[in-house]
Amino acid sequence: MSTESATEHPAAPSAERAADALPPLDAPPTTLVALAREAGHHHTPAPLAETLLVARPLLAAAGLAVPDGHLTVATGPLDVRFAHVDTGSRVGPTGAAGTDDALRVSGTLHRVPWARAAEAAVVLTEGPWGGPVLFLLEAAEWRQVTGANLAGEPRDDLVLLDVTVPAARVRRVPAALVREAEWRSGLARAALIAGAARRCVELTVAHTASRVQFGRPLSHFQAVKQEEAKLVEEAALVTAAVEAAAAALAEPDSAEFTAWLAAAQAAASVAEITRIAHQLHGAIGFTELSPLRLATTRMWSWRDEDGGERAWQQRIGRHVLDGEGDHGGEGDGDRLWQRVTSG
Amino acid sequence: MTLSALDPGAVQLPRETVQLRQEVRDFLAGERAAGTILGRPDSWLTGWDPAFTRRLARRGWVGMTLPRKYGGGGRSNLERYVVIEELLAAGAPVSAHWVADRQAGPTILRHGTEAQRSHFLPRIAAGACFFSIGMSERDSGSDLASVRTRAERTDDGWRLTGTKMWTGGAHVNDHAIVLARTDESEDRHAGLSQFIVNLRDPHVRVEPIRLLSGEHTFNYCHLEGVELTDDALLGRPGDGWQQVTGELALERSGPERFLSTLPLLTALVEQMQRTGGGSPEQQSRVGRLTARLSAIRQLSLGVAAALAAGRPADVQAALVKDLGTRFEGELVNEVREILPTTARFDATRGSYPELLATAILHAPGYTLRGGTNEILRGIITRGLELSR
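The listed protein sequences derive, respectively, from chains A and B.
Just so you know, we're using the working numbering here: the first sequence kicks off at 1 and counts up by one.
Just so you know, we're using the working numbering here: the second sequence kicks off at 344 and counts up by one.
Treat the hints as calculated values from the structure; they're not laboratory data.
Don't take every hint at face value.
Here are a few chain A residues that face chain B, going by a calculated C-beta distance under 8 Å [said to hold, decoys possible]:
#1 Ser210
#2 Gln213
#3 Arg216
#4 Ser219
#5 Ala223
#6 Ala264
#7 Glu272
#8 Leu336
Pairwise CB distance ranges, derived in the manner of DEER restraints [what the hints assert, rightly or not]:
#9 A:Asp79 to B:Val361: 32 to 40 Å
#10 A:Pro291 to B:Leu729: 18 to 26 Å
#11 A:Glu272 to B:Thr685: 52 to 60 Å
#12 B:His559 to A:Glu251: 28 to 36 Å
#13 A:Pro291 to B:Gly581: 43 to 51 Å
#14 B:Gly581 to A:Glu251: 47 to 55 Å
Where is the CB? At the ideal position from N, CA and C, for every residue including glycine.
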């Protein structure tokens, strides 16, 4: 959907304000996750989660300098060639080697979060040598076709017309970094969902306490209490999964798996949390008269961006069912439990 | 407004628990090799094996948190958590000492006299003294304060009359802690007291109540004028309600509130591993259960850490119990759909169809025991009102 966007927030001015608040590069991982949750809670109009939990760590891991300001992240197939083809090379066909790693890049990156509010984009794609490459694109280097997700948040297509990326902004990276980009993106979405889930709880509790029908607040009805408790529970579940993943970020052995768990649980819980929040809000929550939509429409988008729950669940399932694990041995049904307790 | 339930904070288990967990796993591997029956769903309710309990006790894993001077292990609540979650995940037969270890021991430590402590606690920790819960009655389930069992003053103690119901293990255990009304005149919460009753007393008559599966764990426990001396009173007269409420926090948030059916999932995973790892659909359903299990465990650990730090956690405990016990039932339905099999209670013990049958037949209990979930949800929403 590359139509003119109808975002609720004029992105640029707010994004500038938010940029002032970006934490330093050496902030602890749990702080970064907490900030991403806050961004979800306040529906911050900037790619804060993308910057803190994905773009910055990937740049650092690749050994590239981290620019100031908000960053976004994009992946996908592009036409990538060496900018300075090594004509003297006898390795492969002409163009298969360069005198350096400067690249010429063409193609389209689809639905990039908050591209119009970002200073630069971290791009992961396949390099001309057949392995993964990470490079940094500056905002002036792409053409933008605006788009939006269900909540009206910018999801812009970036059109690259033979952009030359200097070698200083290009790094060959291991396949593990591509996986890291995936689970980091999943964790970033999960943190945003946890924040928005909290907003759903707050708005619903406030609404049922103040809305009076049949002479008493909605919150005094047993039927309402039952649902409200389940809403609180499901939101707590998402938060717990995200906090566990945040705590595991510093542990190389468990960071990836716990990020999968958080991404899977957050995406899977969106349906129940938004269902109850809307049901208890009644008709007003279904309209622009209530701020509830600012949380719920985002959650409906976020659960599918960077992989829906099915994709995350399948990774987890495949992992615990894989007999070739680190524990090996006879009947390894315990592997599931061992993974759950190893965080 | 603060919604503390939504900020449980990640719990990092103390480093010493890594080794402890491995010790328990090694012990269980030895037990499995020696032929002890493991891998059963709901083993904390029906896995009665006093010899297994004594082997655990020799390792120091019964009454772990009781002070050393009473024969306990002097270990932390989180260390105990690690041990019991390993035992439950393995479906080990822990029901003999379950109530003694989880609540009778800590309650006697907290409210008992020195004589009661030095008599009961070393026996509990040795795996030689088993307890039942004497709370519920026919007309007092969720509404516990309505109990009618009476304790009347006698010259040298009390006379206990009434009938307790759902008294798990009363036919095999040694004692029960009985909640009884000691004062009719006061308001319904104030006139209650707790007593330690010898289940082998001639005036205690135990009558089986079979589960819908035909299994015998529950009983009526008829107290037909049981004569008690003063040293049977636990805590102060009239404090029974408060004491029981404290017990319930211990009872509601532990790993037995989400792990009762895990052995069935383990059996499913083994079955799928033997047949090539399953389809993508089956894999993702296993993944969904894994993610939910893991998140519920994090919340449960949060409650354990709060209780260990002396912070109140009633609301969080209710939340974990509702989430966890609903998960226990949901797991059974999912497993049925992931690998459809006809459940058979008469199939070979320990086979997949028999484990499935056990889990299905026990499923109605998960969301009832330890406080009906509908009532617990009321505790959660009341917590929201208080935090407003």
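Consistency of the hints with the structure:
Because the beta carbon of Ser210 (chain A) sits about 11 Å from the nearest beta carbon in chain B, more than 8 Å, this interface hint is broken. For the restraint placing Gln213 (chain A) at the interface with chain B, the shortest Cβ-Cβ distance is roughly 17 Å, beyond the 8 Å limit, so the hint is violated. Because the closest C-beta pair between Arg216 (chain A) and chain B is about 13 Å apart, greater than 8 Å, the hint is violated. Evaluation of the Ser219 (chain A) hint against chain B yields a held restraint, the C-beta minimum of about 7 Å falling below 8 Å.
A cut of 8 Å between beta carbons decides the hint on Ala223 (chain A): the least distance to chain B is about 11 Å, and the hint is violated. Look at Ala264 (chain A): its Cβ gets to within about 4 Å of chain B, closer than 8 Å, so that hint holds up. Below 8 Å, beta-carbon pairs count as interface contacts, and Glu272 (chain A) has none with chain B, the closest being about 11 Å; its hint is therefore violated. Taking 8 Å as the C-beta cut-off, the interface hint given for Leu336 (chain A) holds, the closest approach to chain B being about 5 Å.
The hint said 32 to 40 Å for the Cβ distance between Asp79 (chain A) and Val361 (chain B), and at roughly 50 Å that hint is violated. Between Pro291 (chain A) and Leu729 (chain B) the CB atoms are about 25 Å apart, so this pair conforms to the stated range of 18 to 26 Å. For Glu272 (chain A) paired with Thr685 (chain B), a C-beta distance near 31 Å fails the hint of 52 to 60 Å. The given range of 28 to 36 Å is broken by His559 (chain B) and Glu251 (chain A), whose C-beta atoms sit roughly 47 Å from each other.
For Pro291 (chain A) paired with Gly581 (chain B), a C-beta distance near 50 Å keeps the hint of 43 to 51 Å intact. Between Gly581 (chain B) and Glu251 (chain A) the C-beta distance comes to about 51 Å, which sits within the given range of 47 to 55 Å.
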